[in-house]
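Using the hints provided, position chain B relative to the given structure of chain A.
Protein chains in written order, with the working numbering: chain A, 1 to 562; chain B, 563 to 868.
Treat each hint with caution, since some may be false.
Straight-line alpha carbon distances no greater than 27 Å define the calculated DSS-like cross-link-like pairs of lysine-lysine that follow [claimed, not checked]:
#, chain 1, residue 1, chain 2, residue 2
1, A, Lys421, A, Lys442
2, A, Lys376, B, Lys756
3, A, Lys416, A, Lys378
4, A, Lys442, B, Lys716
5, A, Lys7, A, Lys203
6, A, Lys89, A, Lys121
7, A, Lys416, B, Lys756
8, A, Lys416, B, Lys771
9, A, Lys443, A, Lys421
10, B, Lys756, A, Lys312
11, B, Lys771, A, Lys376
12, A, Lys416, A, Lys443
13, B, Lys756, A, Lys443
14, A, Lys378, B, Lys771
15, A, Lys130, A, Lys197
16, B, Lys756, A, Lys378
Listing some non-contacts, in silico: residues in chain B with all C-beta distances to chain A over 10 Å [to be verified]:
#, residue
17, Ala600
18, Met709
19, Phe831
None of these hints come from the bench; they were simulated from the model. C-beta atoms are modelled at their ideal positions from N, C-alpha and C, and glycine is treated no differently.
These are the residues of each chain, in order.
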Amino acid sequence: MALLDIKALTVEFATRRGVFVAVDNANISVEAGQIHGLVGESGAGKSTIGAAVMGLLEKPGRISQGEISLNGQPISGLDREAMQALRGKRVSMIFQDPLTSLNPLLTVGDQLAETIQFHLKLNDTDAYQKALELLTLVRIPDPEIRINQYPHQFSGGMRQRIVIALALCSEPDVIIADEPTTALDVSVQAQILSLIKELAREKQVGVILITHDMGVIADTTDVVTVMYQGKVVESGLTAQILGQPAHPYTQSLIAAVPRSHEKVRRFPLVSYGGKTQAFDIDDLARSWKKQTIDHTKPLFEVDSLTKRFITKPALLPSQQEFATAVDQVSFDIQQGEVFGVVGESGSGKSTLARMIAGLYQADGGRIVFDGTDITKSKDLSDYRRQIQMIFQDPYSSLNPRMRVDAIVGEPARHHKLLSGKALQMRVDELLDQVGLSAEAGKKYPHEFSGGQRQRISIARALATQPRFLICDEPTSALDVSIQAQILNILKDLQEHLNLTMLFISHDLPVIRQMCDRVGVMKSGVMVEQQATELLFTQPQHHYTQELLSFMPKLEGIRRVAS
Amino acid sequence: MLQNTLRSWLDSDFMWRLSRSPVAIISLLVVLLLVLGAIFAPWLAPYDPYDPATLDLMNGFTPPLTANDFTGQSFLFGSDDQGRDVLSTILHGMRVSLFVGVAAVAFAMVLGISLGLLAGYLGGWVDTLIMRIADIQLTFPSILVAMLIFGIAKGITPVEYRDQMAIWVLIIAIGLSDWVQFARVVRGATLVEKNREYVMAAQLIGQPKAIIMMRHILPNVLSPVLVIATISLALAIIAEATLSFLGVGAPPTQPSLGTLIRIGQGFMFSGEWWILLFPACTLLVLALSVNLLGDWLRDTLNPKLR
Chain A
1 MALLDIKALT
11 VEFATRRGVF
21 VAVDNANISV
31 EAGQIHGLVG
41 ESGAGKSTIG
51 AAVMGLLEKP
61 GRISQGEISL
71 NGQPISGLDR
81 EAMQALRGKR
91 VSMIFQDPLT
101 SLNPLLTVGD
111 QLAETIQFHL
121 KLNDTDAYQK
131 ALELLTLVRI
141 PDPEIRINQY
151 PHQFSGGMRQ
161 RIVIALALCS
171 EPDVIIADEP
181 TTALDVSVQA
191 QILSLIKELA
201 REKQVGVILI
211 THDMGVIADT
221 TDVVTVMYQG
231 KVVESGLTAQ
241 ILGQPAHPYT
251 QSLIAAVPRS
261 HEKVRRFPLV
271 SYGGKTQAFD
281 IDDLARSWKK
291 QTIDHTKPLF
301 EVDSLTKRFI
311 TKPALLPSQQ
321 EFATAVDQVS
331 FDIQQGEVFG
341 VVGESGSGKS
351 TLARMIAGLY
361 QADGGRIVFD
371 GTDITKSKDL
381 SDYRRQIQMI
391 FQDPYSSLNP
401 RMRVDAIVGE
411 PARHHKLLSG
421 KALQMRVDEL
431 LDQVGLSAEA
441 GKKYPHEFSG
451 GQRQRISIAR
461 ALATQPRFLI
471 CDEPTSALDV
481 SIQAQILNIL
491 KDLQEHLNLT
501 MLFISHDLPV
511 IRQMCDRVGV
521 MKSGVMVEQQ
531 ATELLFTQPQ
541 HHYTQELLSF
551 MPKLEGIRRV
561 AS
Chain B
563 MLQNTLRSWL
573 DSDFMWRLSR
583 SPVAIISLLV
593 VLLLVLGAIF
603 APWLAPYDPY
613 DPATLDLMNG
623 FTPPLTANDF
633 TGQSFLFGSD
643 DQGRDVLSTI
653 LHGMRVSLFV
663 GVAAVAFAMV
673 LGISLGLLAG
683 YLGGWVDTLI
693 MRIADIQLTF
703 PSILVAMLIF
713 GIAKGITPVE
723 YRDQMAIWVL
733 IIAIGLSDWV
743 QFARVVRGAT
753 LVEKNREYVM
763 AAQLIGQPKA
773 IIMMRHILPN
783 VLSPVLVIAT
793 ISLALAIIAE
803 ATLSFLGVGA
813 PPTQPSLGTL
823 IRIGQGFMFS
833 GEWWILLFPA
843 CTLLVLALSV
853 NLLGDWLRDT
863 LNPKLR
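Chain A with its partners taken away, still in its complex shape (with noise of 0.2 Å):
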């Protein structure tokens, strides 16, 4: 008998609009001490599974259908009261942001005491006793030190581990995870999933472990449910659905997961339910004023470019703090090259990249773009002719107010390249270059999915013709899938427009199909640059080392399938 059960599961939304149905007749059954993993893409309905199971799914939502049943009883259908004794009891749950899951006024050690005392009935002294072990369980260090601190002394991770701890007071049978490890460095997430991976197999616990990475499930799980649009398309041991996947739209997942290991020319397109938008290139370059590629002399110059924040401001200079968020970054951009820069959070790509748009002043260093330096230059209207940039959240960089030919348009209104009818004409060409239709233009930027409106992002950025393309985490809000559509946009942009492109990401399999050279960021210092292909083969730093081997692999499970 299955530790935790779910049969025919299906969770309904009622809307104005009718129903909605988020979860269509799931099933699904965790045994204790296996991680049972959950991939989808956003909407697939995963998370409407876990919050089912916990009994927290939110108004509308009801479970029309179905039963979930922890060691054979029954764990739905009770009233409401006597289900909240039992699931909060055995089943707990781990969310994807560490520091809103902790109380920020209460110390580690008596948010632990009090949920252990809650579940457990122990008196205080045995309680803290309790915490104290569930810190070293939960790997802190110094855990008599650290109980007595508070959240906002912890690192992200080492908060994750607390809410960790916190999941366990109870003593659960069952673990629910919702994405433990999205809000976290890769070097980090290593280390959760290895602890989530150890505590499963010490306590006997039963994990489901929601996440859209491929590679945290091929690292961590030991079987794997796929879901699609909320229904349940295959599932079984990792080893087998990810080696040898049956289901048409797994196959086309996996495909479209960056690899690590070699580079592709393309990306293969999940092609399953719906087609995927035309993006025209042939179109788009014929219309283009390619500039010609001199190899002699670099795009760009960029040397020993600092960037300080003040941290403590006072009147007189001496007394103000800094913060180096770029510290004397130097590297050269050739003509035509996908320059990359990789980086854990707070590493200063950012900061490094939106100095180069123009958009953060230096505070020493310079910026020379063919022959200008741009840091002295007073007048910047003609190199921010010539530069445009990609941004990561496609749900923040479109303005909400504004139509979206008036938003492809602008760049171009703005330099006085074009007006009138001529602008609108080049505007409707964009939105169909980019696969949109011409209706789109009169449309606002809430009628559109993310992978579209980052196309209507890549329209704006080519309105006015740019030679170079800042790409800041360009797919990192996107699914898999979409991610292999833009990806592929931005690889034809390069190849078949000339386009010298920065491109910026926390994600190595994709800087690693992107960039023909990258910089490695570490606090502010680029620490290595290398030709992608010796950065991934041989790296030279530690750093980069240690991030290599922290990437979750899907290469390996291939392996052992085969």
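Using the frame of chain A, we list chain B on its own:
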């Protein structure tokens, strides 16, 4: 085209939520009724309270719905000491109250939104200066600020224009005492919006700050402003009534609801209760329904409270 716009508007989530809230519908209807009554007062009112020719002192102190002992005339809400129809004075008084309220809120909005945008987007010493002034002003009760401004204005306007100017001075006084909350909300929303990537996209192509503020940020910070504007309207109407009640507001030649209440309270203990009660009730119903409407708007437009 127009039909389609109308249809999609009627079909929107906003209208749908309105249709499911009886409180909102009733308060909206009451507000509409009162506003229409105020706008069309000269045509709707049975008498013209400003025309001395129609006044008959013999009609004084007629109780509601009772024939006058001398003239035999009867009034729905009774008549006051001058023989004026109370209903007519209320309709005309509401006109003044609503005009002052709406104009004062509009003035406060323009001032508050502009200063809030500047403070939020420019930051630095501009922000510090504007927000410290706002903080200082908040330490005084707004009615006190309004009275102070009213007093200064009264001192500098020539005597012969005083009554004519009174309404405009009232608007400026209430508006100036009310801009702070608009500025605070707009500044807060601007701080959020200015870090969004679409603003960065506008900065990237080198658009001037004024254009970024007006074209990109302003339309995205307006929905909380709408909520505050509605709630402020109720407060502005009450502030006007308070000032007029204290005798520093609308002049007796152009009585507002507040002025009517002030006049009426003189007769409260001598038995002529209707002169006070009806204007007071009108003010209550008007302020309450505008306030309820504002509360509902806040709940509807804020996804966190839904």
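Against the structure, the hints come out as follows:
Under the criterion of a C-alpha separation no larger than 27 Å, the hint pairing Lys421 of chain A with Lys442 of chain A is consistent with the structure, at around 15 Å. Annotation: proposed proximity of Lys376 of chain A to Lys756 of chain B holds, straight-line Cα distance about 26 Å (limit 27 Å). For the proposed pair Lys416 of chain A and Lys378 of chain A, the alpha carbon gap of about 19 Å is at most 27 Å, so the pair holds. Of the pairs offered as hints, the one joining Lys442 of chain A and Lys716 of chain B is violated, with about 53 Å between alpha carbons and a cut-off of 27 Å exceeded.
Taking the CA atoms of Lys7 of chain A and Lys203 of chain A, the gap is near 25 Å; set against the 27 Å cutoff, the hint holds. Pair hint Lys89 of chain A plus Lys121 of chain A holds up; C-alpha atoms about 12 Å apart against a cutoff of 27 Å. Among the hinted pairs, Lys416 of chain A with Lys756 of chain B is consistent with the structure: their alpha-carbon atoms are about 25 Å apart, no more than 27 Å. A hinted pair counts as satisfied when its Cα atoms are at most 27 Å apart, and Lys416 of chain A with Lys771 of chain B qualifies at roughly 18 Å.
With a C-alpha separation of about 19 Å, the suggested pair Lys443 of chain A and Lys421 of chain A falls inside the 27 Å cut-off, and the hint holds. Simply put, Lys756 of chain B and Lys312 of chain A have alpha-carbon atoms about 22 Å apart, close enough for the 27 Å limit, and the pair holds. Under the criterion of a C-alpha separation no larger than 27 Å, the hint pairing Lys771 of chain B with Lys376 of chain A is consistent with the structure, at around 21 Å. The suggested pairing of Lys416 of chain A with Lys443 of chain A holds, with an alpha-carbon distance near 24 Å, which does not exceed 27 Å.
As the CA atoms of Lys756 of chain B and Lys443 of chain A are separated by approximately 23 Å, the hinted pair is consistent with the 27 Å bound. Pair hint Lys378 of chain A plus Lys771 of chain B holds up; C-alpha atoms about 17 Å apart against a cutoff of 27 Å. Proximity of Lys130 of chain A to Lys197 of chain A is assessed by CA-CA distance (about 21 Å); at most 27 Å being required, the pair is judged to hold. A threshold of 27 Å between alpha carbons decides the hint, and for Lys756 of chain B with Lys378 of chain A the separation of about 24 Å falls inside it, so the pair holds.
With a cut of 10 Å on Cβ distances, Ala600 of chain B stays outside the contact zone with chain A, its closest approach being about 33 Å. Every CB of chain A lies more than 10 Å from the CB of Met709 of chain B, the least distance being 38 Å, so the non-interface label holds. Against the 10 Å criterion, Phe831 of chain B stays outside the reach of chain A, whose nearest CB is about 54 Å from its own CB.
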